[in-house]
Structures are given as structure tokens and as C-alpha cells.
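Student: These protein sequences, in sequence, are chains A and B.
Convert by adding 1 to the 1-based position in the first sequence; the result is the number in this note's numbering.
Convert by adding 1 to the 1-based position in the second sequence; the result is the number in this note's numbering.
One or more hints might be untrue.
Identical copies carry no separate label here, and so any pair may be met within one copy or between two of them.
What the hints assert, rightly or not - Straight-line C-alpha distance at most 30 Å; calculated DSS-like pairs for lysine-lysine:
#: 1; residue 1: K329; residue 2: K197
#: 2; residue 1: K548; residue 2: K321
#: 3; residue 1: K35; residue 2: K132
#: 4; residue 1: K328; residue 2: K220
#: 5; residue 1: K329; residue 2: K415
#: 6; residue 1: K415; residue 2: K328
#: 7; residue 1: K321; residue 2: K357
#: 8; residue 1: K412; residue 2: K328
#: 9; residue 1: K338; residue 2: K321
#: 10; residue 1: K415; residue 2: K357
#: 11; residue 1: K415; residue 2: K35
#: 12; residue 1: K357; residue 2: K197
#: 13; residue 1: K135; residue 2: K197
#: 14; residue 1: K135; residue 2: K6
#: 15; residue 1: K6; residue 2: K415
#: 16; residue 1: K412; residue 2: K357
#: 17; residue 1: K329; residue 2: K412
#: 18; residue 1: K357; residue 2: K220
#: 19; residue 1: K253; residue 2: K329
#: 20; residue 1: K35; residue 2: K133
Calculated directly from the structure, the hints in this document are not laboratory data.
There are 2 protein chains.
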Amino acid sequence: MAKNKNARLIYAPLGGAGEIGMNMYLYGYGPEGKERFILVDVGVTFGNMESSPGVDLIMADISWIQARADRLDAIFITHGHEDHVGALGLLWPRLHVPVYARRFTTALAQGKMERAGLDTTKVIETDPWPKKVKVGPFEVGFVPVSHSIPESSSLVIDTPAGRILHTGDFKVDPTPVVGEPFDPDLFGEIGREGVKVLVCDSTNVFSTHPGRSEATLEKPISELISNASGMVVATTFASNVARLKTLALAGKAAGREIVVLGRAMNHMLSTARATEVLDGFPPTVDATDAQDIPRRNLMLLATGSQGERRAASAQLSEGKYLGFELKKDDTFLFSSKTIPGNEVSVARILNRLSEKGVNIIDDSAEIYHVSGHPNRPDLARMHELINADILIPMHGEHRHLSTHAALGEEKGMKSVIAPNGTVVDLTGDTPEIVDNIETGRLYLDGTELIGAMDGVILERIRIALRGHVSVSVIIDEKGRPLGDAWVELQGLPEMTAMPNGLAGEIEDELGDVMNRADRKVLNDDDALEDLIRRTCTRTCNNAMGKKPICSIMISRLAD
Amino acid sequence: MAKNKNARLIYAPLGGAGEIGMNMYLYGYGPEGKERFILVDVGVTFGNMESSPGVDLIMADISWIQARADRLDAIFITHGHEDHVGALGLLWPRLHVPVYARRFTTALAQGKMERAGLDTTKVIETDPWPKKVKVGPFEVGFVPVSHSIPESSSLVIDTPAGRILHTGDFKVDPTPVVGEPFDPDLFGEIGREGVKVLVCDSTNVFSTHPGRSEATLEKPISELISNASGMVVATTFASNVARLKTLALAGKAAGREIVVLGRAMNHMLSTARATEVLDGFPPTVDATDAQDIPRRNLMLLATGSQGERRAASAQLSEGKYLGFELKKDDTFLFSSKTIPGNEVSVARILNRLSEKGVNIIDDSAEIYHVSGHPNRPDLARMHELINADILIPMHGEHRHLSTHAALGEEKGMKSVIAPNGTVVDLTGDTPEIVDNIETGRLYLDGTELIGAMDGVILERIRIALRGHVSVSVIIDEKGRPLGDAWVELQGLPEMTAMPNGLAGEIEDELGDVMNRADRKVLNDDDALEDLIRRTCTRTCNNAMGKKPICSIMISRLAD
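Bound-form chain A, shown alone (with noise of 0.2 Å):
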């Protein structure tokens, strides 16, 4: 590759870095303003009550990058996880360009272009190293590591100022049950070669003990299972393959039938059996063919261990669901961990679990389940092999980059903790942060895609807070009050205590408040508006301590 003089490198998040979710980071290299980018996954995180209710899907907003489209020469997806791949479907379209994966990634890649009308052929399954991808000035490689979900890789970034290993999402597993295991050899080999920059997965770095195999389940799972008396059902993430596989052979071994609940989870064992990535799962029952089963012989394989609301747990959780029905006795076991924000919903389902005297085994005692990402011990062991120059932290919040940063900088790397559209110049020694860019975040709201800052969202938060009063009021020929203003409470207590109710209160002061009105408010819309939204808060204010948010309805009947 020829070195150009003038050109940069640099490294962007776009997200994923300050937060755990939505991953997206853009290198470039070229002479300032006119470097060729690629991009490195197109995650989504998922929206809540607290900051963004009723949004499906929150995602970069890529303005930056798609303002320069014309300089994107590829996206990359290191793996299948939804926050590393969700966002394809309702992205690509901003920015037509090929998309790089391994074949199980490919798959699934493929299915969110087909389900938004899009050319699957343009996601290109691609094999992993030492094959390379040349796009623009890089060459990608894509190796393959150990994590929570089949064919995981980190990518080599070969560029003409030096090579970037980026990560992804890994752990250090070398018996991971389904998939490559973590090859040390491979990982030394790549940093021999020499690397310059290091981008690393920074989600357990509070974790101090080494990460655990996979492997290390399947004899507590087994015994639990074996020792189980009525119906078992275990849920974890749909996409946990490996997770799966030892759950469902544990329940053979235990001479149960095993039933996959939830199209998530059906979805990615199909994927998985597909694409080859998976073999020696055990042959399951459909549901229907389940109902004959005596229950001492059945294990359900369950989605919904976050506690969503529409998942098979919750749905097992409040009563009969596809013909199962959990009963005292029952084993349920959560092989999963809770994010942090699932937490009441997830115990949601525990308590309607106990209410049932359902035996409940979840992760507290660690026994069952197993971390993806690499924990701090691991964390150093991966700086060793790579061996880089400068470590740039990502996939974690603040405090995880800065501890992250910390450690790097300890052995001896430098380091930069570079939060959502820092740009980062790493051509030289020393990595310099030259830009900021606007990043944001995108919500899919319904069908919609609407800028986080837009208002819509806050808008809504507000009502959700505040209640929502409407207000129509009719302005005759002469210029003067047609009948009352009317009022509608959204999300406001009627307060029947008062003689006409709030509604009718607000409806009184408004008319008094307009009949002394000056003529010069009467015919100014905004006057009039002011004055309207002023007697609403006060009135809600008086009467109950809270000022709402008020929409006016001024309408004028012609001279």
C-alpha cells in the first residue's frame, strides 16, 4: 500500500462509544477532506419509557458520514448481535454501499435488507482470515474470535499508515461449545506482524476475575436439569447458539423433549443450522406436539430472559401460553444475566413465577451463565498478544473507556478515551483527537425515522408528566367569544370535588377571562393564545399543582 504524505488516519464512533449499544464506528484515510471511509457495524439499541417511549429502535444519526456517502466505500458487521447489526435495514438506503460478513452474519444480515424491500445481494458473505478485503485504501480481514453468538469476529484493518485491530465484541474462550474457540496462536501472529492501533471491547472491565468458558455450564445446567422434577423451562438471549446447545442437550441427558418457544429464537437456530455453524442440536417438538408430553418430560427453550413484556417467558410468566401452563414445581431457570434497566421487569416475571410456586433459578449465584465479553484479566491478556502502540477503548460507557484508558496506559500503551464523534488522528506516534463531530441518535418511531432532539420524543415525555389539556374556542364575525371554550383533559384527574370538574373549572375561567378581554387580544391570535394558555396553567395550577401542557384551537368565523 503507498503511503500517502498529506494523508491522515482516523478513527470516528459514531456509537458505541459512551454507551453499550448502537455500534458504529467509521475509520477513514486520505488527505483531510478527502479520505475513503469504511464503517464498522450498524447496531441499534432499544428505546424505553424513561427517555423514549413508544420508540421501537434508537440508532446513530449518520448525517456526518451520509453527507459524504460518495466517500463510503463499505460497511463491515463484525457479527449478528442487534446492536451491531440492527440498524442495517433502515440505514443502508442512506448510504448504498457493500456490506461485508461472515456467512451466519451474512444470513442474517440478509434478512433485515429483505425485510425492508432491499437488494439482498449487496450484503457479501466473505471468508474469514487470512482472506482480505480490499476496499479503497484498507484490506479487511475478518478473524475469527470467541463470543456469545456463532462466527464472531475481530477485523484487521490494514491500512498504509499501519494496521488497527478492532476487536468487536469478543471474549477469550477456548472451548465455547458452538464455534471457533479463541486461538492465542492467531491473535500473537496478528500482533507480531505489528499493530499500531488496538480498538477493544470495553464492557467487563470492572470485572476483575478471568472470564469463564462456556463449556464450564454444561455440568451445573445438567445437574439442575436431571435433578428437576416437573416442567423445565430455561430462557436466555435468542441468539446465545452455544447457550442453547448445552441447555437442550442437558435435557435430553435428562430424557426431557425440547420445545424452542419464540421466533427469535426458532429464527436463530434456523440461521445457525443453515450456515453450518451449528451441529449435534438435539431434534425438538413443536408445541402442538408437545401437549402429550408428560411435563416431568418436557424442557421449554424460552425468549424474553430481559423481562420483555411480549417474549415467551412473560407470556409463560401471567398463564397458558401455547398450551403450557407453569405449575407448582416447575423449574424455570433465567441462563442469562439481567442489563442493567431490565431489572423490574425482569423481576416482574419472578414474582409472577413465585405466585405460581414455580422453583425460580436465576443468575445470582453465577452458576448459570456466562459473560461474552472479555473481563479485565482477559483484557490484558488480548493487549499482550496485539501488543499495539495506542489502545482505543470502545463498546462501554464513560466510566468503562476511562478505566479501560487507565488500563492500557499502565502497560505502557497510549491511549485516548474517545466518546461518539471524537475523531481521532492516528497517523502519527501519539494518537491527537482533531474534530468533534455531530453525532445523535435516530429513533424509529412507529415506521419513522425522527431526530432524538427533534422535540417529538420530549413532547411526549412531557404530557406523560404533565397531562395535556385542549382547548377550542370559536371567535364570531364581530370579534367576540362564540359560546364557551371547550376543554378536553388528556391524562388530567376530572376532580369531581369541584362543582363542574376540572374541565368545567377551566371552561369557567376561560370564559370570564375572554369576556374581559380587550378587543386588541381578541383579534390577535397570539394574544389571545397567551392568554388562553396562561388561564389553562394557571387554573390546573391552583387546582391541582401541576401545569399541563395546553393546545389551542383559535378558530374565526368570517366577516
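Starting from the structure of chain A, add chain B where the hints point.
Tutor: Frame of chain A, contents of chain B only:
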């Protein structure tokens, strides 16, 4: 006490059983339908965006006992935590009975009464055990017990049908730093006198190690602070006066002046001093006087350990607050645990602190905080000391109650899982569930108490999820639409890609539909409203895949 042959002894939790928070437990004795009652605790829980947006406080719906208030003799408050006394000022006007509490709790309870404009003398300061208060058929004594607030008490409730020990919140702590230690001899003695029913805290039933004493924190906290370089900030629960003392003494020993930030914390400290439950607390410095003190000689005690947005910790994490500004190498100690549901709010603060380069010490290593509740071995100790016939687990979600009940049954006690609303007859040898009374929740919304099931909050949640459309339509004297429908959107995107935006699109559709509408429909308010609603919903759904809530105002000009 005379035992009445027809009388029964009943227990009915109104709040706190099947949830953690808003404790309120009813005891009754007498012939069925003529029981005399006492109420133990009148607590609150806090609203959240997920299920109760805009709601400040939540408490038990007391309709059932309110309808029988003439048979209610008294309220007893075990201790001063908000989840035990927070609803007093709001609910007392519906009950009008004397309130008994110990000295420190009385001061806090009287504060609640005063702020509600009620007669503070209705709260009666009561000496601890062996003193007993006689009300109706009950004799009630306050037995000092250790917890995370001064002067917590278990209640001995003697009735003609036998003795109840209601533990309240407690921990087994021989060295609680402030207040009375747990006294096994006293509880043993009470047990030996014969206890029929133990009603017992279940919060920590899942913690398998013995609880740690408050005093164990002195050493690690002192070491941490003496090794800190810049300013030190520590946050904990405002009411944990013992912790505040440990923190302040450690700060003083390290040559730091102590500043207390946050109204709740200052209030707790001054109340504790005034009621003589606290001594040896070092002198503190006002925020204004602290500005000239070097950072390395300052220690701030700050409210907001749960991430509350307006509390001192959040303010300090955001920027300058009362003249203080956190900098690189300052230390911020969370001497607290994060209550489930608050993880995201706390993480927000952690990340803001991380951005400032502050050294964050949280409780992930379980060194700088101890719980105020009994772990499983501590529960076993209480079970043994009291040696009751019957165990009723309280203060817990369903899974806590059921696990605690199983523990009691292992120890040979009869136990019953009694969530809110369950009426348990305790007259005989075996507890019997004899009734279910209507319970629920009251929401404090602004200054108004509304029923959780009234639909007000549900409507706010619906609008938050789906947006809102206000429509104003005028029908003229001839029964025809006058001018165009007027549409205002709340929390919906403008959709500028549409020629007239989403509001214009709905207005156009409404125009079409109403012009085509049958005169019968136009003349019928219900039919017209239905037509307008369906048109709005359909148009929005087609445009963006969402069905908003619609408020429709039809004005008819007089003939």
C-alpha cells in the same frame, strides 16, 4: 385481657407485602365485622416513568379501612423511613386517629403533619419497651432494634388471642454506631414469654451470608479517605445517620472539613441532634464558608445516592453546584447500594463523574456499604429467638415472601404467603386466609390523590407511547362542516416529506371524509366523532405506522 369466644385476630397487609415499599399493615381483633383495628406504618413508594409518569408518591389505597375508620384505634410507626411514614400527612385526614411513635420518629412524623397543615399533637411520642400503649383490645410496645435509621422498632402487639411480634425493618447489628444495638437477650425474653405470630422483614432473604455490622465500615472508609488526594464527596441515604457519622469522622480524621449538601440530609441530622439520638457528630461547615478551604481539606456529604436528578450528587456530577466543582483526581464514594430500578439513573451520574476524571468508588466490591435488613442467617436467628408458632413474611416482593415462608416451614413454623389485601385469621393454631379485601394504590399527582386504576395515568402512558391528535371541527347551522377541520399534533413527527405534513394530511382526509359523509352522521355527535377518530387513526397509521390517541371537539353553531 379478656378473650372473646366469638372474636378473631386478623392480619391484613394493605401495602408492602408483594412489593418493597409503601408499608401498611392492619391488625384487627373482635367478632367478625366488629373488629377493632390498628394500623402499622403508613409508607410511600416513588413513582417512575415506566408505570406512573408524573406521579410523585404512591401509597396504599386505604378505602377499606377508611370505610371502617370508626373501628380504627391508632396508627403505630415503626421508624422514620419514607416507606413507613411518608404517607402520614396525606392519609391522616381520612383516618383521624392517634399516631404513636418513638421520639426521633415522632419528630419526623410531626414534620409530615405540619407540612400538611395538620395537628402535630396527634403524633404522640412514646417510650420504648417495656412501656406499652393500650388501644382497644391491643397493647403495643416499641422494642428497640438496629436498622439503617435511628430508633427503629419492632412492635410487640399483645392481643387477647396471643402475642404478635411485628419486626419492622431490622438488622442484627451488635455495633450500629448510632442508636441501640440488636439485643438478643431482649428478643429472647419476649420470645420466651410466648409469641403466637412472627411478622417478619423479608427484604434480604436471598442473601446467604450473615449481615455485616455498621461498625465494620469505619476502617475501610477511613483508609479510603485518608488516601484520597483531591476533594472527597460521599453519598448515602440521607436518613442513615450512623453512616453519616462514620463518614464525617473519617473525613475529620483525615484533616478535612465536613460540608453537608442536600436538604434531606441536613434535616435528618438536625432532627437526630434535636431528639438526642446522635452525639459525637463533628462540627460542619456551611457551603459558603467552605469556598476558601483547599480541596484536599474538604469532604462533602451529598444526597442523591439513587441518582435522583435534583439531588446534590446529580448536580455535582453535572457541573458547579453551590460553588463546588468536581475535578480530576477528586474522589466520589457511593456508600450505598443501588435500589433495583435506579441503575440507569445512577449510571448517568457515574458517567458524568468519569468524564470529569473523578475517582469513583461504588459498592460493587461491597466494602463501603452494609445493608439495613436481615440476611438469611439473621432471619434464622430472629426465628429462633422469637420461637413463634406462625411466621408471616412481610416487606418483600412475592418471591421474597415465598422464599421466606419456605425457610420458616423448614424450621417448623406454620407460614402463609399473604400479599396485599389478604386477610389472614390468626385465631387458631394454623393461619387461615379467610378473605381478600380490595386494595390498590393511590397516586399523588401534583397535589391531588388519584386512584391508580382511574385511567388518568394510563392515558398519559398511552400518549407517551403513541402521541396525541387534537381535532376541532365546526358544524354550521345547516349541519354542514364549516371550513376545514383543524388538527394539532402532540408528540408526533411533522413529516415534512408530505406536501402538507402529517397534520395537513389528516386535515385533508377529514375534509374528504366529512364532505362525503351522510347527513345522519354529521348530525349525530357520536357517529361524527367516531368517523373523525377512525380517519385520524387510519391516516396516521398509513403515514407512520402508529395509532395516536385522539381528542375530538365538535362545535355546532346554533340554528
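Student: Against each hint, give a clear statement of whether it holds in the structure.
Tutor: Comparing the hints with the structure gives:
no. : hint           : verdict
1   : K329 with K197 : between (58 Å within a copy, 29 Å between copies)
2   : K548 with K321 : between (43 Å within a copy, 29 Å between copies)
3   : K35 with K132  : within (28 Å within a copy, 85 Å between copies)
4   : K328 with K220 : within (26 Å within a copy, 49 Å between copies)
5   : K329 with K415 : between (57 Å within a copy, 19 Å between copies)
6   : K415 with K328 : between (57 Å within a copy, 22 Å between copies)
7   : K321 with K357 : within (12 Å within a copy, 51 Å between copies)
8   : K412 with K328 : between (54 Å within a copy, 25 Å between copies)
9   : K338 with K321 : within (25 Å within a copy, 37 Å between copies)
10  : K415 with K357 : between (55 Å within a copy, 20 Å between copies)
11  : K415 with K35  : within (27 Å within a copy, 78 Å between copies)
12  : K357 with K197 : between (57 Å within a copy, 28 Å between copies)
13  : K135 with K197 : within (19 Å within a copy, 80 Å between copies)
14  : K135 with K6   : within (21 Å within a copy, 92 Å between copies)
15  : K6 with K415   : within (23 Å within a copy, 83 Å between copies)
16  : K412 with K357 : between (53 Å within a copy, 23 Å between copies)
17  : K329 with K412 : between (54 Å within a copy, 21 Å between copies)
18  : K357 with K220 : within (28 Å within a copy, 45 Å between copies)
19  : K253 with K329 : within (22 Å within a copy, 56 Å between copies)
20  : K35 with K133  : within (24 Å within a copy, 85 Å between copies)
Comparing the model with each earlier hint shows no violations; every hint is respected.
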